[in-house]
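Protein chains in written order, with the working numbering: chain A, 1 to 220; chain B, 221 to 440; chain C, 441 to 657; chain D, 658 to 874.
Simulated from the structure, these hints should not be mistaken for laboratory data. Where hints are given, some of them may not hold.
[To be verified] In silico BS3-like cross-links for lysine-lysine, where the CA-CA straight-line distance does not exceed 30 Å:
1) K577/C / K12/A
2) K247/B / K232/B
3) K232/B / K381/B
4) K247/B / K444/C
[Stated by the list, open to error] With the Cβ distance kept under 8 Å, some of the chain B side facing chain C (calculated, not the full set):
5) P319
6) P340
7) G342
Just so it is clear, CB atoms sit at the ideal spot from N, CA and C, and this is done for glycine as well.
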Amino acid sequence: MNKLTTAEEAVKKVRDGDVLLVGGFLKGGSPETIIKALLETSSAKNLTVVSNDTGTTETNMIKVMQQGRVVKVLATYIGGNPVTGQMLIDDPESVILYPQGTLAEKIRCGGAGIAGFYTPVGVGTVVEKGKEKRVFEGREYLLETGLRGNVAFIKATIADKAGNCYMRGTSKNFNAIMARAADYVIAEARKIVEVGELDPELVTLPGIFVDALVQSEDVL
Amino acid sequence: MNKLTTAEEAVKKVRDGDVLLVGGFLKGGSPETIIKALLETSSAKNLTVVSNDTGTTETNMIKVMQQGRVVKVLATYIGGNPVTGQMLIDDPESVILYPQGTLAEKIRCGGAGIAGFYTPVGVGTVVEKGKEKRVFEGREYLLETGLRGNVAFIKATIADKAGNCYMRGTSKNFNAIMARAADYVIAEARKIVEVGELDPELVTLPGIFVDALVQSEDVL
Amino acid sequence: MDVKSLIAKRVAMELKDGDVVNLGIGLPTLVSNFLPEGVNITLQGENGMLGLGPVKAPGDEDYEVTNAGGFPIESLPGSCYFDSATSFAIIRGGHVDVTVLGALQVDAKGNIASWMVPGKKVPGMGGAMDLVVGAKKVIVAMEHTVKGEPKILEECTYPLTAVGVVKQIITEMGVMDITGEGIVLREIAAGCTVESVQSATGAKLIIPKNLKVMQVD
Amino acid sequence: MDVKSLIAKRVAMELKDGDVVNLGIGLPTLVSNFLPEGVNITLQGENGMLGLGPVKAPGDEDYEVTNAGGFPIESLPGSCYFDSATSFAIIRGGHVDVTVLGALQVDAKGNIASWMVPGKKVPGMGGAMDLVVGAKKVIVAMEHTVKGEPKILEECTYPLTAVGVVKQIITEMGVMDITGEGIVLREIAAGCTVESVQSATGAKLIIPKNLKVMQVD
Numbered sequence: 001m002n003k004l005t006t007a008e009e010a011v012k013k014v015r016d017g018d019v020l021l022v023g024g025f026l027k028g029g030s031p032e033t034i035i036k037a038l039l040e041t042s043s044a045k046n047l048t049v050v051s052n053d054t055g056t057t058e059t060n061m062i063k064v065m066q067q068g069r070v071v072k073v074l075a076t077y078i079g080g081n082p083v084t085g086q087m088l089i090d091d092p093e094s095v096i097l098y099p100q101g102t103l104a105e106k107i108r109c110g111g112a113g114i115a116g117f118y119t120p121v122g123v124g125t126v127v128e129k130g131k132e133k134r135v136f137e138g139r140e141y142l143l144e145t146g147l148r149g150n151v152a153f154i155k156a157t158i159a160d161k162a163g164n165c166y167m168r169g170t171s172k173n174f175n176a177i178m179a180r181a182a183d184y185v186i187a188e189a190r191k192i193v194e195v196g197e198l199d200p201e202l203v204t205l206p207g208i209f210v211d212a213l214v215q216s217e218d219v220l
Numbered sequence: 221m222n223k224l225t226t227a228e229e230a231v232k233k234v235r236d237g238d239v240l241l242v243g244g245f246l247k248g249g250s251p252e253t254i255i256k257a258l259l260e261t262s263s264a265k266n267l268t269v270v271s272n273d274t275g276t277t278e279t280n281m282i283k284v285m286q287q288g289r290v291v292k293v294l295a296t297y298i299g300g301n302p303v304t305g306q307m308l309i310d311d312p313e314s315v316i317l318y319p320q321g322t323l324a325e326k327i328r329c330g331g332a333g334i335a336g337f338y339t340p341v342g343v344g345t346v347v348e349k350g351k352e353k354r355v356f357e358g359r360e361y362l363l364e365t366g367l368r369g370n371v372a373f374i375k376a377t378i379a380d381k382a383g384n385c386y387m388r389g390t391s392k393n394f395n396a397i398m399a400r401a402a403d404y405v406i407a408e409a410r411k412i413v414e415v416g417e418l419d420p421e422l423v424t425l426p427g428i429f430v431d432a433l434v435q436s437e438d439v440l
Numbered sequence: 441m442d443v444k445s446l447i448a449k450r451v452a453m454e455l456k457d458g459d460v461v462n463l464g465i466g467l468p469t470l471v472s473n474f475l476p477e478g479v480n481i482t483l484q485g486e487n488g489m490l491g492l493g494p495v496k497a498p499g500d501e502d503y504e505v506t507n508a509g510g511f512p513i514e515s516l517p518g519s520c521y522f523d524s525a526t527s528f529a530i531i532r533g534g535h536v537d538v539t540v541l542g543a544l545q546v547d548a549k550g551n552i553a554s555w556m557v558p559g560k561k562v563p564g565m566g567g568a569m570d571l572v573v574g575a576k577k578v579i580v581a582m583e584h585t586v587k588g589e590p591k592i593l594e595e596c597t598y599p600l601t602a603v604g605v606v607k608q609i610i611t612e613m614g615v616m617d618i619t620g621e622g623i624v625l626r627e628i629a630a631g632c633t634v635e636s637v638q639s640a641t642g643a644k645l646i647i648p649k650n651l652k653v654m655q656v657d
Numbered sequence: 658m659d660v661k662s663l664i665a666k667r668v669a670m671e672l673k674d675g676d677v678v679n680l681g682i683g684l685p686t687l688v689s690n691f692l693p694e695g696v697n698i699t700l701q702g703e704n705g706m707l708g709l710g711p712v713k714a715p716g717d718e719d720y721e722v723t724n725a726g727g728f729p730i731e732s733l734p735g736s737c738y739f740d741s742a743t744s745f746a747i748i749r750g751g752h753v754d755v756t757v758l759g760a761l762q763v764d765a766k767g768n769i770a771s772w773m774v775p776g777k778k779v780p781g782m783g784g785a786m787d788l789v790v791g792a793k794k795v796i797v798a799m800e801h802t803v804k805g806e807p808k809i810l811e812e813c814t815y816p817l818t819a820v821g822v823v824k825q826i827i828t829e830m831g832v833m834d835i836t837g838e839g840i841v842l843r844e845i846a847a848g849c850t851v852e853s854v855q856s857a858t859g860a861k862l863i864i865p866k867n868l869k870v871m872q873v874d
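Sequences and hints are given; from them, build the entire structure.
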């Protein structure tokens with residue numbers, strides 16, 4: 001199964017109203033080639049973006065947001081993207097902030113068939129608003145639920161044509177987990193090799209999770 | 221921090237009444253050198269053993285159990301160890317069986333500070349007995365809680381002296397997760413190298429989780 | 441062809457190119473021997489692997505790469521490995537397309553009993569409960585009866601592995617789909633009659649107008 | 658020595674050989690410059706790394722190995738990398754010995770407010786809530802006041818990062834432990850008086866008999 005295609009072709013899967021899981025941590029491991037294709041060749045709107053940070057002023061997501069196509073954001077830190085900051089000011093309901101570990105775990109659970117989990121993080125803060133609080137062994141925890149997306153955009157360092165991805169260093173971040181929690185997964189890779197050329201022990205993400213593989217232009 | 225010691229020295233940390241998390245999947249990745257030291261040099265009793273399978277007739281855990289030192293077992297499959305099978309017959313409360321993914325996730329949560337999680341596995345079976353059942357989006361789930369141990373026994377293929385462990389192939393199994401969920405972790409490695417000699421990308425288990433490192437006799 | 445191979449061969453015809461498949465121990469492991477031309481599947485081992493190859497010959501025993509039965513196996517190009525929590529995140533999360541397993545009993549509601557016989561030594565459920573709940577499609581591959589007694593029932597009497605998960609049953613007598621209305625006999629083995637299949641089955645079979653003969657070649 | 662370096666140097670003295678430490682952005686990152694002889698620590702980056710080395714010089718920018726501020730860094734021998742879920746499993750699971758971070762406000766109950774000022778643009782909490790709840794010891798390293806106003810209070814007025822998690826506060830005026838009785842001034846900076854520290858503090862300080870002078874050399 002050769003999953004190789006172009007970013008333009010792959011982003012055609014994004015529909016109006018979709019929830020997009022977008023990997024990366026600030027500039028690190030950000031799937032810029034795919035986001036650029038979304039920016040330039042897709043007209044999908046009313047999008048929800050789930051991202052650690054929605055990038056920075058140097059990355060492409062801010063431009064998609066400037067097109068008014070993103071109506072909701074789920075993130076942990078938005079200090080690098082003033083458009084997201086402004087969205088939160090204009091409509092506090094449009095940007096939901098989570099503790100970083102809670103967002104990561106919500107996504108992991110979404111991909112792992114787990115409906116919800118109890119975390120001690122956020123107890124006694126604004127994060128607990130509207131959430132069930134429960135005591136286990138004398139300590140309070142919040143119930144957080146699993147999170148999935150329609151499409152995930154992720155970046156790898158090396159991928160084979162079956163979609164097995166090696167994500168080097170800290171570029172694993174949200175890339176490795178978001179790819180497991182979306183119905184359709186688009187991966188860009190800096191280098192693409194034949195099946196069998198990637199050391200099995202270096203596979204960060206099994207190829208079964210990847211639907212479309214595109215060559216990264218590595219624009220950062 | 222050189223964590224290198226002997227198995228005999230390391231198992232002195234095991235106390236009467238401890239919960240032991242024992243890695244391995246049947247013979248694969250079983251920490252036999254450490255279990256052998258427990259068998260031959262420790263007198264700790266009233267032990268609870270958490271293990272995928274409590275090994276086979278060819279591995280050492282069965283001998284520890286024959287010494288009458290294991291009073292409780294948490295496992296998923298015990299078909300390879302007739303002593304565990306007999307324990308279950310003699311006292312159904314002494315052997316708790318979990319679906320394999322549930323046991324794995326309980327241990328992961330124990331190590332990850334998550335008090336509990338909702339899984340659809342086991343609904344409508346004997347596994348649901350005594351557990352909270354809850355509906356999320358029309359589907360029933362069981363609440364399972366995190367699980368931790370006092371001491372973990374694990375096996376690695378290569379470890380550096382700081383305890384960073386590479387577990388090759390399917391030997392990762394329960395080894396990689398149990399080491400994150402115990403107060404004291406003893407790792408045996410088939411090969412031990414200097415810090416810096418192990419490729420960071422091959423580290424299955426960060427060294428911060430390992431307290432004592434011993435040379436595996438690789439008895440299997 | 442022996443009965444087990446016949447069943448395995450018919451199961452193999454249900455698999456699609458690209459499917460991620462978990463094969464239970466015993467008869468189901470035979471399925472990979474009978475994949476149709478052009479159908480490449482990826483085998484998942486719940487002990488932590490994707491891309492399982494054949495079992496190794498005795499003497500070449502590497503216990504760091506085994507299948508879920510604990511036997512050393514070959515690793516195919518494009519394979520990878522992971523810990524047990526990650527393995528069951530894959531399974532529970534719906535990323536396995538098909539799981540094929542045997543059963544002690546299956547019933548008209550799609551319930552399956554496959555892990556213990558009351559009064560006998562209990563081996564444990566291993567990964568079976570996770571697999572049947574998590575996989576997108578569950579196929580039970582088994583002999584139609586045991587010692588002449590039906591294994592396909594109106595309602596399972598043994599402790600369940602899961603509720604309402606089985607989509608299809610394939611035996612040496614035929615191919616059955618489990619539907620909201622009950623068990624539909626889609627295909628019948630050459631040499632069987634509807635009456636003979638029904639009499640070997642403990643649940644009422646629905647016989648469709650387009651009942652076909654089970655083809656395994 | 659400037660005030661920030663002084664604070665960082667005193668914080669470094671709290672770290673023990675072998676500690677796993679997460680340093681927040683800003684002043685806390687300076688701590689690793691001042692580790693005492695014989696104290697080797699492992700730095701954790703919540704973006705997915707253990708064994709962080711120094712920030713790289715501009716021009717050598719590898720965005721696949723960064724710190725949690727997004728800056729390319731060196732990787733030390735014995736380092737390793739992991740995804741965000743695994744990183745926070747490490748943090749939430751209590752495997753980080755010490756987290757050092759700045760704060761907007763800290764109070765006598767160990768509450769900390771560090772992520773938003775009401776009425777100002779909200780950057781988000783990032784990993785701070787997880788870090789302060791998960792770490793075995795939380796040290797707040799900050800300047801004692803902001804524009805002359807106390808940051809150490811009886812009760813935080815800004816939205817909290819977490820409840821009852823701060824164990825120690827280190828400022829240019831002293832070292833304070835948060836106890837069940839309130840804030841104990843353990844060490845006082847040379848040149849300060851108990852009165853000057855108290856007047857810069859919005860909570861009643863408990864002054865122990867063995868109050869020491871803060872040493873940073």
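Okay, the hints, checked on the actual structure:
The straight-line distance between the Cα atoms of K577/C and K12/A is roughly 28 Å, inside the 30 Å bound, and the hint therefore holds. The hinted pair formed by K247/B and K232/B meets the criterion: a straight-line CA distance of about 24 Å does not exceed 30 Å. Restraint check for K232/B and K381/B: the C-alpha separation of about 20 Å stays at or below 30 Å, so the hint holds. Pair hint K247/B plus K444/C holds up; C-alpha atoms about 28 Å apart against a cutoff of 30 Å.
Interface hint status for P319/B: upheld, as the beta-carbon distance to the closest one in chain C is roughly 4 Å, under 8 Å. Interface restraint check for P340/B: the shortest CB-CB distance to chain C comes to about 5 Å, inside 8 Å, so the restraint holds. Interface hint status for G342/B: upheld, as the beta-carbon distance to the closest one in chain C is roughly 6 Å, under 8 Å.
The structure agrees with every numbered hint stated previously.
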